[in-house]
Amino acid sequence: MDGSSEKFPYLENADELVVVQRGPEPGGLKGVWRSFRETGRGLKTTLARVFEGPKTIQYPEEKTPVYPRFRGRHKLHRFEDTGLEKCVGCSLCAAACPADCIRVVAAENDPANRVSAGERYAAVYEINMARCIFCGYCEVACPFDAITMGHEYEIADYNREDLIFTKEILLAEPLERTPLRTEDE
Amino acid sequence: MSLPLAEVGFAEAAWVMVAKSLVIFAVVFAIIPVLTVVERKVLGRFQARYGPNRVGAFGMMQPLADALKLIGKEAFSPDRSVPLLWTLGPILVVFSGITVLAILPWGNVQEIGGGDVGLYGIDISIGILFFFAFSAFAFYGLLLGGWASGSKYSFLGAMRSAAQLISYEISMALALLGPILIAGTLSLTGVVEAQDSYWFIGPQVVAFLIFMVAGFAECNRAPFDLPEADAELVAGYQTEYGGMRFGSFMLAEYLEMFVISGIAATFFLGGWMGPGPGFLDPLWMLLKTLALVFVFFWVRATLPRLRYDQLMALGWKVMLPVATVNVIVTATLVTVL
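Sequences listed follow chains S and X, in order. Per our numbering, residue 185 is the first one in the first sequence, and the count goes up by one each step. Per our numbering, residue 241 is the first one in the second sequence, and the count goes up by one each step.
If we strip away everything but chain X, and leave its shape as in the complex, we get:
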């Protein structure tokens, strides 16, 4: 089947697609605020303390209080900022995160209400390239935001993030090439279906590790949170941002984390594969994704921030060669076997 501008594996009526998009959007945006408070609570536990527990039961209303506070703030912009780009920065970052949600597969084609519905936004044939295109888009948001702030700290933070994202994007793409070679398709549903008998984390454990480490760097999370190194660059590219614009950057960070975990679950942990009937598929996918998100929290609680030269050395001298060797070995084995 084909839609204008894209070759797709499976497509439904337009209204079904709209409904699916709304459901995915609503569910993920219900999860993101919970993630923010859960991260703080989990981080608290890692440090033998409670974390937020004052707002609502178990502090679960904390994100609501945070959002209200951020929205209530003045939409301030610095004197020397470039207004259009300044506003565009956070928008681009959130936009890039949301777009990738479209291709995350939550389950296979199911019969719901008499018609076949694919439990994903859309199954495009270029699949993972879409993800790379739009996750690289986030980098424009950071760079523009940092540059348009008209502040040297923001600019330095933006430069760091730019260099970091470019360095790790390559290793990330190379890491995903392994599973793609085995599955023989770029489509995310295709990759999951190829993991019917075994998960790709088995043969591709090196690729999985590289992808996760590059994922930490992609999301600007510890131990690669140099772009927003609070101790060195004030707050990096976000220095001049306040209110909900700052909130958007934070939202994008959690969204990105969720998306990267989702992609990793799809490519290495068998995506929606799990015991039980078909309608449980999204649950399995969510469970695997959240487990990987927990790893993000865990690593943040454990590892100290890398020095900038160490970051670059790790990216170019270790991750890239290892990822390349992994691809070559995988390609050879796939051809021979």
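In isolation and in its complexed conformation, chain S is listed as follows:
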């Protein structure tokens, strides 16, 4: 800010001076040349995009791969060896859920015909997908890793009733319709 103290004597500190950047003054032959040049530059920029080719991902046919930690539709799990459900109906997920979208009704296991590995099992396990905010707190709260977030995100439907996912739906092996991102992507 050379000479600013003479120009602006009321300024105590030269750093307070704000210099406004203005565009060039219009007019004259210089202005004509500038406008032609800038228009040409713009035309060049847009034409360069043509040769660059489209960036579109053709959605229903092509999908953006998701990251491994992507929080999509929930899954309920079984033990692989015994086939018993991991969920013991403790309702911790329902307690952790900020959107209050999980409903668990627990029941005692019949020792002759066990459903889960624990003392009790979830007789009803419903997630209302219309309310779920996909925060993943249920996954964190679960002491048995019975519920995890999957990768699927195409869960839109025509009826709200259809968006209440029951235990059977959540336990079933979901259609893997979402490509997973590989290491180098």
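It is worth saying that the hints were derived from the structure and are not from the lab. This structure is a prediction, so every number in the text was calculated from the model and none was measured. Heads up, the beta-carbon is just placed ideally off N, CA and C, and yes, glycines get one too.
Covered by chain S, according to a simulated footprint, are these stretches of chain X (three or more residues, beta-carbon under 8 Å):
id	stretch
1	286-299
2	538-548
The calculated BS3-like cross-link candidates involving lysine-lysine, where the alpha carbons are at most 27 Å apart (straight line), are:
id	chain 1	residue 1	chain 2	residue 2
3	S	Lys214	X	Lys557
4	X	Lys281	S	Lys228
5	S	Lys214	S	Lys228
Based on these hints, arrange chain X on the given structure of chain S.
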């Protein structure tokens, strides 16, 4: 030779003229829908995306789907509209575009089937004046349509378009005076024949630029699409229109664009002139026209819309003086040389 009401350079039997008109009409109206989809695709490419590609192969059936949808809509008119003028608006706009097709020269007189046929609708001696008369006619369509809608937005859009068209019509006419002075004729075929040795874009490059810029404004295309500035005036004069009446305005816009490109190709790019035998002439003309139409797309993809005062300032303070100086210089040189 002369026909009633007009002095013409060359005229055939009446049935040949009718057949020619039908061919020109059919060909141009086959090109216009393709232009609409090509514009959207080209615009898409300019923005690094695909554009319509779902209907038919490469989305080429898109105009058909668009037309079906527009025709299927209710022919709605607002409560406060003036019915006759309301209907007349889009008709006038399309009419003015179609009439100009008559004088666009696609080739010289050729021998076809034993008789001489001029590859144009008609070669009238007033040529380009016909074009100006009818392209100015489109302005009645816009103004009437906007006014008869009985809506303030339509009215504002119509006022804008009226002011814009009048401002740019003058520069446009003055720009064409340069080639006319060199060619020494108003007839479009005469102008093309005068470009036998060199194209007029060479000596008249200033006129060409002015004509193209004025052409953008004439067609209400970006960056001069103020009459239908979607962000400011809803849709300008078309606000209240729907269905195929709206479609007619859009059709007229593309038709006008095609016609202006055709006129520019005729006056500055040597019209049908090109290597090869005579029957290739229409192809050359079409190629030049479509190249200029591409420029319209390109500019639309590039330049932002002008502010209204900038539009007027450009029209009256820059284009008009430059066009006038161009005419004076050309006239002086033509007289001296």
